[in-house]
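Residue numbers (the numbering used here), protein chains in the order written: chain A, 533 to 988; chain B, -6 to 438.
No lab work stands behind these hints: they were computed from the structure.
Positions of the beta carbon are idealized from the N, C-alpha and C atoms, including for glycine.
Do not take every clue at face value.
As the list claims (entries may be wrong) - Here are some of the chain A residues that sit facing chain B, going by a computed Cβ distance under 8 Å:
no. : residue
1   : Asn612
2   : Ala625
3   : Arg693
4   : Asn695
5   : Gly756
6   : Ser808
7   : Gly908
To be verified - Quick list of in silico lysine-lysine cross-link-like pairs, BS3-like style, CA-CA up to 30 Å:
no. : chain 1 : residue 1 : chain 2 : residue 2
8   : A       : Lys813    : B       : Lys14
9   : A       : Lys813    : B       : Lys59
10  : A       : Lys611    : B       : Lys102
11  : A       : Lys854    : A       : Lys665
12  : A       : Lys605    : B       : Lys66
13  : B       : Lys404    : A       : Lys611
14  : A       : Lys605    : B       : Lys316
15  : B       : Lys347    : A       : Lys611
16  : B       : Lys99     : A       : Lys605
17  : A       : Lys605    : B       : Lys102
18  : B       : Lys347    : B       : Lys404
19  : B       : Lys242    : B       : Lys66
20  : A       : Lys665    : A       : Lys751
21  : B       : Lys59     : B       : Lys102
22  : B       : Lys408    : B       : Lys381
23  : B       : Lys70     : B       : Lys316
24  : A       : Lys611    : A       : Lys754
25  : B       : Lys99     : B       : Lys130
26  : B       : Lys316    : A       : Lys611
27  : B       : Lys408    : B       : Lys347
28  : B       : Lys59     : A       : Lys555
29  : B       : Lys102    : B       : Lys239
30  : B       : Lys316    : B       : Lys130
31  : A       : Lys646    : A       : Lys665
32  : B       : Lys130    : B       : Lys239
33  : B       : Lys199    : B       : Lys102
34  : A       : Lys854    : A       : Lys751
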Amino acid sequence: MSEINSSLSLANPHPANYNGTQKLGLALIAIGVLSLALAWVGIGKDQALYFFIAMLAGLMGGGLIYFYGTYGKLPAGIKNNRVFFSSIASRGALGWMLGIILTGFYISLYFFPKYLNGLISLFDPLSQLVRGKDSDQWFVYGTFYTIAVLVMGIKFMMKYRHNRYQLIRTSSVTFFQLILAWTLPIIMENLYNYGPYLSYFWPLDYDAIFPGSLSYVLKSGKLGQFVVVWGLIMTFVATPILTYFFGKRWYCSWVCGCGGLAETAGDPFRHLSDKSLRAWKIERWLIHSVLAFIIILTVLLLVDNAATGKVLGDAAGKSLAKTYSFLIGSIFAGVIGTGFYPILGNRAWCRFGCPMAAYMGIIQRFKSRFRITTNGAQCISCGNCSTYCEMGIDVRWYAQRGQNIVRASCVGCGICSAVCPRGVLKLETGPENAQRTGIQLDSHGLIPLEAVKILD
Amino acid sequence: MHIVIIGNGISGITAARTLRKHSDHEITVISGETDHFFSRTALMYIYMGHMRYQETKPYEDWFWSKNRINLKKAWVKQIDTDNNHILFSDDSGMHYDRLLIASGSKSNKFGWPGQDLDGVQGLYSFQDLEAMERTTKHGISRAVIVGGGLIGIEMAEMLHSRHYPVTLLVREQSYWNNVLPAQESAMITRHIREHGFDLRLGVELKEILDDGTGKVKGVVTSEGETIDCQLVGLTAGVSPNIEFVKSSKIVCGRGIIVNQFQQTNINGVYAAGDCAQMETPPADRRPIEQVWYTGKIQGETAALNILGRPTAYNPGYWYNSAKFLDIEYQTYGMVLPVLREGEEAFYWEDANGKRSIHLVWRKQDRRFIGINNFGIRLRHTTFNHWLKQQATVDEVLRDIRAAAFDPEFFKPFEKELISAWNIQFPDHQIQLNNKRSLRARIFHS
């Protein structure tokens, strides 16, 4: 309320009380940031390796030491003290500045990579080592992304170390980013000159089955054929089955790279999602429009290709595809989706834009065993669940009525259940319509009339 | 018909929503505390920075006009039941056809010297939260909390979150042992100390000291020690907030006396929630109940009676929950601090001292009476079912997996619990039901 914290820390800040470990971590982070800044403006080009090591050790080592100093010595438990006093995590001046910096980075990355030249050369030594060629903007981005998921993932696990669901889930999402989205593509590129991401599928990987990509991929022989078949099986067979049994969380908060970043680096911003009914209405229109757009676009392109350009004409098809790629692939998913973490929360893309999430959301809403159940009438309406829902679901609305939560957008991160002080919420995947005995509150969260003794 | 509700807490608001659901009467909710309904249970989280005031409001602000529930911000001064009229502190008034009083509680003060000084407070209302912000605005060197209950530990946790040292003065020899059995009380006592609180057991407050300007400068304890502090939290319970009712013809005891239909002695006037005192409380229930869900049920019960649907207050089996710093607590049925005649108990505690289960049953027929669970979540509906079915403690233990409510992958407690039981009661060996295979755990967890 009265207290605003101007610290840059995303981890339980209190500047007056930094301990020795935290100070050491901060010093190393400062060295990392300095190396990065110098390299970006072109200083140290000849010693790229040293600058790179200083940057990496500073950011990763310093970060981990800092987080250990922050959480390691506290008793395990929920660590949300001062979240709303933090300027950087609560849309204060620092939050807006960070938003602008991140947005600027994404705009440079997608549209003006030359401004990243200094950074790109900083990554040359690593790129030479693992790929045998110079770095480019996408290598820089992928590596940064993976480092962020790793370091912030470990931070998340320290923060929630009392919660095994969070530990296992975060290990999973970090593993998939590090192995399937970073290491494996590099290895395959070295071996086959083609480095596919096996953890992204159509429609999130929107051009995966565009005629152009298909013909390109199939050119790379058996591996290409495998990737196409793998992608089709994942999209049309595995996704419905897994979503039926586990809900969309099997992907969104356990596998997906976008989700991985949101769950780790984005965790300090989860409470910024908009919980209003209005936001929910916008969400439903927007995300399903994107899904419709990509389905129609893909079908049109495939039909057009089969009819050798007689339906759309090559130019029209290409320009439609470009429009999608620009508006959705770059602006929505990247610039807004991640750049606006400190403003819209960490799941703006997943909630409002991702067509894969929309597709699984429909299954989850209408045909899935996954739901969040409410523990009888234990809810005290405190609002922690809604506040910390990154998808902007007003969880309390259901919990205080004793209703199960079955929502298309829920990514099953499990934080509502973790922050509940009364043990009310549980992510469940038992058989559909499992009847539980005891009180069932009516739709208004009240004891149903017939359950109350009525006297004449 | 104009139905007026005094108080926008959980009782008043539940009543208003029930009335709107079943009728088209004009409804007005009066509160001087806040413009809108907020969750009182979340006050601590505002101070700790987990939420802001707006996050504690269970309904968006448009909800009230959309449901045609008038909100009036005012303090009620007097009620004139002869003329169906209430008077506000600014001397304006309002007519009612039916009146529901749901004015909640206020913090107890037991006549300690200095108890009205600036910096002395309880934690119940939004104004209490504001006072706490005012007192700690420029930092304090220490706070002293008096009273060892749920609000005491909440206040201590709040101040601790801002890194203010806290001393807790607790009259009892172990934390909250007037409610918890000795084992659980010892666990919580340990946990409080582990968090770095200065917990003084068996120590009472004697006097609060004035710094000469009307502000707190310290306390004197029953041991004669002076502790310097700038904030004193009085958390020795709450009592009905009914000062404004006392000049009326409505009969009051400690609270407003109501029958099982939430009716007062005056026709058309009802009371619900913390401020109401049941003339004849249901079995195992106190006359004044100050928990969230009883407020909810009483609000609903009052509304139904106002609408002419005679409905008796029926809270069902006792249950409750709380959180002590990092340890969650739930209870179903009756587990009293000391066993009653004819009762038997079993206590199990995890090796790390952060999880425990305490079962109580009737010796003669082994009927299950109640359970306390710390650090483990159990399912309300399942226990309600067992209490209703008069299950035996052996049946409860055998099927305990059906009641497990911990998140997926949490360390199971069931086997350890049962093997401890089997060692202690070799004549009543238990075999766990529902052994969950890996397949079952994945597909039917």
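message: Of all the hints numbered above, which does this structure not satisfy? Sort the numbers upward.
response: Hints 2, 3, 5, 10, 12, 16, 17, 21, 23, 24, 28 and 32 contradicted; others consistent.
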